[in-house]
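Protein chains: 2
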Amino acid sequence: MRLLVLGGDAAGMTAASHVRRAAPEVEIVVVERGPYTSYSMCGIPFYVGGDVADVDALVVRSPDAHRANGIDVRTRTEAVAIDPAARTVTVRDLTVPGAPEQELGYDALLYAVGAHPTLPQVPGADEYGLPVHVLDEGVTLRRTIEGLRPDAPIVVVGAGYVGMELAEALVVRGFEAVLLDRSPQVMKPLDADMAALVERRLVDFGITVKLGHRLEAVRPLADGLREVVTDLGAFPAELLILAAGARPNVAMAAAAGLRLGESGALRVDPQMRTSVDGIWAAGDCVESVNLVDGSRRNVQLGTHANKQGKVAGMDIAAVLQGRDRGEAAFDGHVGTAITKVCEWEISRTGITEREAVAQGIDHAAVRFEGTAKADYLPDAGTVHVKMLAEAGTGRVLGAQLVGNGQTGKRIDVAATWCQLGVTVQQAQFLDLSYAPPFGGTWDLLQVGARKLAAKLRLTPAL
Amino acid sequence: MRLLVLGGDAAGMTAASHVRRAAPEVEIVVVERGPYTSYSMCGIPFYVGGDVADVDALVVRSPDAHRANGIDVRTRTEAVAIDPAARTVTVRDLTVPGAPEQELGYDALLYAVGAHPTLPQVPGADEYGLPVHVLDEGVTLRRTIEGLRPDAPIVVVGAGYVGMELAEALVVRGFEAVLLDRSPQVMKPLDADMAALVERRLVDFGITVKLGHRLEAVRPLADGLREVVTDLGAFPAELLILAAGARPNVAMAAAAGLRLGESGALRVDPQMRTSVDGIWAAGDCVESVNLVDGSRRNVQLGTHANKQGKVAGMDIAAVLQGRDRGEAAFDGHVGTAITKVCEWEISRTGITEREAVAQGIDHAAVRFEGTAKADYLPDAGTVHVKMLAEAGTGRVLGAQLVGNGQTGKRIDVAATWCQLGVTVQQAQFLDLSYAPPFGGTWDLLQVGARKLAAKLRLTPAL
Numbered sequence: 001m002r003l004l005v006l007g008g009d010a011a012g013m014t015a016a017s018h019v020r021r022a023a024p025e026v027e028i029v030v031v032e033r034g035p036y037t038s039y040s041m042c043g044i045p046f047y048v049g050g051d052v053a054d055v056d057a058l059v060v061r062s063p064d065a066h067r068a069n070g071i072d073v074r075t076r077t078e079a080v081a082i083d084p085a086a087r088t089v090t091v092r093d094l095t096v097p098g099a100p101e102q103e104l105g106y107d108a109l110l111y112a113v114g115a116h117p118t119l120p121q122v123p124g125a126d127e128y129g130l131p132v133h134v135l136d137e138g139v140t141l142r143r144t145i146e147g148l149r150p151d152a153p154i155v156v157v158g159a160g161y162v163g164m165e166l167a168e169a170l171v172v173r174g175f176e177a178v179l180l181d182r183s184p185q186v187m188k189p190l191d192a193d194m195a196a197l198v199e200r201r202l203v204d205f206g207i208t209v210k211l212g213h214r215l216e217a218v219r220p221l222a223d224g225l226r227e228v229v230t231d232l233g234a235f236p237a238e239l240l241i242l243a244a245g246a247r248p249n250v251a252m253a254a255a256a257g258l259r260l261g262e263s264g265a266l267r268v269d270p271q272m273r274t275s276v277d278g279i280w281a282a283g284d285c286v287e288s289v290n291l292v293d294g295s296r297r298n299v300q301l302g303t304h305a306n307k308q309g310k311v312a313g314m315d316i317a318a319v320l321q322g323r324d325r326g327e328a329a330f331d332g333h334v335g336t337a338i339t340k341v342c343e344w345e346i347s348r349t350g351i352t353e354r355e356a357v358a359q360g361i362d363h364a365a366v367r368f369e370g371t372a373k374a375d376y377l378p379d380a381g382t383v384h385v386k387m388l389a390e391a392g393t394g395r396v397l398g399a400q401l402v403g404n405g406q407t408g409k410r411i412d413v414a415a416t417w418c419q420l421g422v423t424v425q426q427a428q429f430l431d432l433s434y435a436p437p438f439g440g441t442w443d444l445l446q447v448g449a450r451k452l453a454a455k456l457r458l459t460p461a462l
Numbered sequence: 001m002r003l004l005v006l007g008g009d010a011a012g013m014t015a016a017s018h019v020r021r022a023a024p025e026v027e028i029v030v031v032e033r034g035p036y037t038s039y040s041m042c043g044i045p046f047y048v049g050g051d052v053a054d055v056d057a058l059v060v061r062s063p064d065a066h067r068a069n070g071i072d073v074r075t076r077t078e079a080v081a082i083d084p085a086a087r088t089v090t091v092r093d094l095t096v097p098g099a100p101e102q103e104l105g106y107d108a109l110l111y112a113v114g115a116h117p118t119l120p121q122v123p124g125a126d127e128y129g130l131p132v133h134v135l136d137e138g139v140t141l142r143r144t145i146e147g148l149r150p151d152a153p154i155v156v157v158g159a160g161y162v163g164m165e166l167a168e169a170l171v172v173r174g175f176e177a178v179l180l181d182r183s184p185q186v187m188k189p190l191d192a193d194m195a196a197l198v199e200r201r202l203v204d205f206g207i208t209v210k211l212g213h214r215l216e217a218v219r220p221l222a223d224g225l226r227e228v229v230t231d232l233g234a235f236p237a238e239l240l241i242l243a244a245g246a247r248p249n250v251a252m253a254a255a256a257g258l259r260l261g262e263s264g265a266l267r268v269d270p271q272m273r274t275s276v277d278g279i280w281a282a283g284d285c286v287e288s289v290n291l292v293d294g295s296r297r298n299v300q301l302g303t304h305a306n307k308q309g310k311v312a313g314m315d316i317a318a319v320l321q322g323r324d325r326g327e328a329a330f331d332g333h334v335g336t337a338i339t340k341v342c343e344w345e346i347s348r349t350g351i352t353e354r355e356a357v358a359q360g361i362d363h364a365a366v367r368f369e370g371t372a373k374a375d376y377l378p379d380a381g382t383v384h385v386k387m388l389a390e391a392g393t394g395r396v397l398g399a400q401l402v403g404n405g406q407t408g409k410r411i412d413v414a415a416t417w418c419q420l421g422v423t424v425q426q427a428q429f430l431d432l433s434y435a436p437p438f439g440g441t442w443d444l445l446q447v448g449a450r451k452l453a454a455k456l457r458l459t460p461a462l
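For the record, the sequence lines run as chains A and B. One point on numbering: in the numbering used here, the residue at position 432 of the first sequence is 432, and numbering is uninterrupted. One point on numbering: in the numbering used here, the residue at position 194 of the second sequence is 194, and numbering is uninterrupted.
Just chain A, with the same shape it has in the complex:
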């Protein structure tokens, strides 16, 4: 019996490794387009910035290590079509020009091919822009910037996590970084008022931030310079980096008849089964349920890819061994995310006020400023907190934290509340830690819970 895995990063290799352990009798073949397996995509900006010296440090487990574990990993190999009726996949060896296509049969197929970068469809972008989505692109980008003159202007398109992290790395390296986005705010997963605080920080750090700019063209100038043209102005650049997010890789799946969901990503059940028998999907190419509002969204994060890969692996092993269903279920996400940019920690969970309003969810929101340490200590830090709760029930709907103290990871408390349906009334009474180096006697998230309880006229409001 054979498990065929398409895509050799977090989701695919987690599943493959699980099946390897749980079902030693199953042959496992992994087809991966790039040269790497199981690497940290989120680590790329740190490699480009130089915090991580050696690219191999980002590789958790190499193809050879997986092979030694009994998994037949075929790198630089591309899957081009799936035939669910015949249970075969057509693959192509990318290292041999004109190599003939090959059919690989499967008993179980895991579709874990991730996402591909959203590239601007404007003249010159293809030719002059460097995408930075997979690890070999990160290697190319670093080599490229190391060849530039020290204070060269570089334009980064995309003011999301990766774009901001790259712009920061460029400023630290002495380049002139221009961050462009057509959105009116940085970091769309934040509400605009919170994003404005982040934007101000980027500017203070030395990044030129240009929002609401639509890219129109990239043109060559003299001396290797390019001109990045937007509807609101043009910027000279020695390099254009494309970091405008990524879309789930679903074309091959859709062609094979797999059902797509409302988000445009693959629809799967809690065992990561697709709509087609014998085919599972996991990672950046699937959608999952947002447990706060019930919507289905495509969330591209390594944490989900790991969990989903494991759940898929358990279900695949069960099915290949003749059992009905795997013992684990991936029920969904609450949209937790975190980043550290320009020395600030930024995190969020649940839904935003913008989303609550758009969906007509009756709610209250509060925004306030606190300190990361007791306010009488030196360098107490400033933290901007925003929290939302549902009217009537008091259920915590979301939280956003932005500030210069070490408070980012505190979002996990709110994430737990969002995922378990904890109310602000309950949250007030939780026994959260206190000591002066970590804040006031009332934890910041509990201050938010109290304010929300009062604003929603819920009882008790401490």
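Hints were generated in silico from the structure; no laboratory data involved. A few of these clues could be false.
Copies of the same chain are indistinguishable here, so a pair counts whether it falls within one copy or spans any two.
As the list claims (entries may be wrong) - Result set (SDA-like, lysine to any residue): computed pairs, CA atoms no more than 25 angstroms apart in a straight line: (1) K210 <-> A53; (2) K340 <-> P378; (3) K210 <-> L232; (4) K455 <-> G49; (5) K340 <-> Q185; (6) K455 <-> R20; (7) K451 <-> A65; (8) K455 <-> A99; (9) K455 <-> R21; (10) K455 <-> D269; (11) K455 <-> P100; (12) K451 <-> E327; (13) K455 <-> E327; (14) K340 <-> A57; (15) K451 <-> S295; (16) K210 <-> R323; (17) K451 <-> V366; (18) K455 <-> D64; (19) K188 <-> Q426; (20) K451 <-> R325; (21) K210 <-> R273; (22) K210 <-> R67.
Following the hints, position chain B against chain A.
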């Protein structure tokens, strides 16, 4: 109608302030032995160490500020006896030697007199030892050490939070600090294996740690030096600081017939009512339910004092206004605590392995090392994690975190799990945040949950 509050710190003043707002018709009198109200007891080591320059910075709200708010605060006044039948309290003005005692009547009485330091009952300790429990003692201590020669030896008795924080402050100030405790470990709220890591850190930082030493006497030597004598040796000291914890102040309450609980502190119901009609109690002098094991414990922490004071205030206002009961309930604690010592962050929640064993709770414990950031980043930090879960159910019973990364506050996630009865099976699936500056794709607490699920043979174990 009159509310009489005994004790003007967190619990007492929180209750008084609430009643002031909720029941403007009630006269409120607060009797406080010291000169301060509403101050941060936990801030004292930072004031002694010099991080906080001015003692007033530790005072959240002064007696005058409370008076301006319509609360009759009588500082330097001591309550000496309660007559529950007559609903009176006998008080004494400490500022006038030989002042006559006075009777104060009440309709509601809140007993919030905190705890008093545990002083070693050995010859010389009284005469030569400086306790550091209330703010004026902190002021005295700082003045005293500022009069010592720069590298003077100082002995601190008590290797709990305050003792360790003080010893650190002394080393930073250039003194030779000796930390003594009769216990075989520092920080009794940790398991011995975790405490050993903390002890090693204290030693590396320059503190002389002497555990398992029973204090026997303090004797004067020449030149203002004292000799601190234990069963295992003697230590010269220019100063002896007593920080061996504190016991709930219950003598006056017990004399008035209020019921004490199994912990030796006052027994109260979820509205903070004592066993005697018309008398409430809150803060360091009461016990509350440990929600993990059901035991009743005396936990002396500002967070609880604030919450309990608020709950008591709500119930008192309700009763004085003819309603049956206040709308809030303090159901208990899970023993969450945190400190930062010698640049390390140390936190804990729930019960320890030692306690689980002693109580015969069928459980599994895991201990492992992780990093505070992704392991490929520079200065990733080391975090030692210990976690416990109940056999059969998988309910999280406790967690301990010790390390040099910024991970202390992550204990609040485990605290939420402990308080809400979350299982390790559930915990694995929570959407906790991930980015390289904050750890690996699997959050440390989820690594613990996975290990525990596997060890307890629970399903699923991711």
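A quick look at each hint next to the structure:
1. In this assembly of identical chains, the alpha carbons of K210 and A53 never lie at most 25 angstroms apart, being 30 angstroms within a copy and 43 angstroms across copies at closest.
2. In the homo-oligomer, the alpha carbons of K340 and P378 lie at most 25 angstroms apart both inside one protomer (22 angstroms) and across protomers (15 angstroms), since each shortest distance falls under that limit.
3. For a Cα distance limit of 25 angstroms, the shortest separation of K210 from L232 inside one copy, 9 angstroms, qualifies, whereas the shortest one across copies, 70 angstroms, does not.
4. In this homomeric assembly, K455 and G49 never come within 25 angstroms of each other (Cα to Cα): the closest approach is 44 angstroms inside a single copy and 40 angstroms across copies.
5. In this assembly of identical chains, the alpha carbons of K340 and Q185 lie at most 25 angstroms apart only when taken from the same copy (17 angstroms versus 37 angstroms across copies).
6. Taking identical chains as interchangeable, the C-alpha atoms of K455 and R20 lie at most 25 angstroms apart only when they sit on different chains, with a minimum of 20 angstroms there against 53 angstroms within one chain.
7. When the C-alpha separation of K451 and A65 is checked against a cutoff of 25 angstroms, the pair qualifies only between copies, where the shortest distance is 23 angstroms, while the shortest distance within a copy is 52 angstroms.
8. Neither within a single protomer nor between protomers do K455 and A99 lie at most 25 angstroms apart by alpha-carbon distance, with minima of 67 angstroms and 49 angstroms respectively.
9. For the homomeric pair K455 and R21, the shortest alpha-carbon distance between copies (17 angstroms) is at most 25 angstroms, but the shortest distance inside one copy (53 angstroms) is not.
10. With identical chains, the CA atoms of K455 and D269 are never at most 25 angstroms apart, being 38 angstroms at best within one copy and 28 angstroms at best between copies.
11. In this assembly of identical chains, K455 and P100 lie within 25 angstroms of each other by CA distance neither inside one copy nor across copies; the values are 67 angstroms within and 49 angstroms between.
12. Taking identical chains as interchangeable, the C-alpha atoms of K451 and E327 lie at most 25 angstroms apart only when they sit on different chains, with a minimum of 17 angstroms there against 41 angstroms within one chain.
13. In this assembly of identical chains, the alpha carbons of K455 and E327 lie at most 25 angstroms apart only when taken from different copies (17 angstroms versus 42 angstroms within one copy).
14. Proximity of K340 to A57 under the C-alpha cut-off of 25 angstroms is restricted to the intra-copy arrangement: shortest distance 20 angstroms within a copy versus 31 angstroms between copies.
15. For the identical chains of this complex, K451 and S295 are neighbours neither inside a copy (27 angstroms) nor across copies (32 angstroms), given an alpha-carbon limit of 25 angstroms.
16. With identical chains, the CA atoms of K210 and R323 are never at most 25 angstroms apart, being 55 angstroms at best within one copy and 59 angstroms at best between copies.
17. In the homo-oligomer, the alpha carbons of K451 and V366 lie at most 25 angstroms apart inside one protomer (7 angstroms), although the nearest pairing across protomers, at 38 angstroms, exceeds that limit.
18. Within a single copy, K455 and D64 get their C-alpha atoms no closer than 58 angstroms, and across copies no closer than 30 angstroms, so neither meets the 25 angstroms cut-off.
19. For the homomeric pair K188 and Q426, neither the shortest alpha-carbon distance inside one copy (30 angstroms) nor that between copies (29 angstroms) is at most 25 angstroms.
20. Taking the closest pair of Cα atoms, K451 and R325 come within 25 angstroms of each other only across two copies (23 angstroms); inside a single copy the shortest separation is 45 angstroms, beyond that limit.
21. Proximity of K210 and R273 under a CA criterion of 25 angstroms is satisfied in neither setting, with 42 angstroms inside one chain copy and 60 angstroms between copies.
22. In this assembly of identical chains, the alpha carbons of K210 and R67 never lie at most 25 angstroms apart, being 47 angstroms within a copy and 53 angstroms across copies at closest.
When held up to the earlier numbered hints, the structure conflicts with 1, 4, 8, 10, 11, 15, 16, 18, 19, 21, 22 and fits the remainder.
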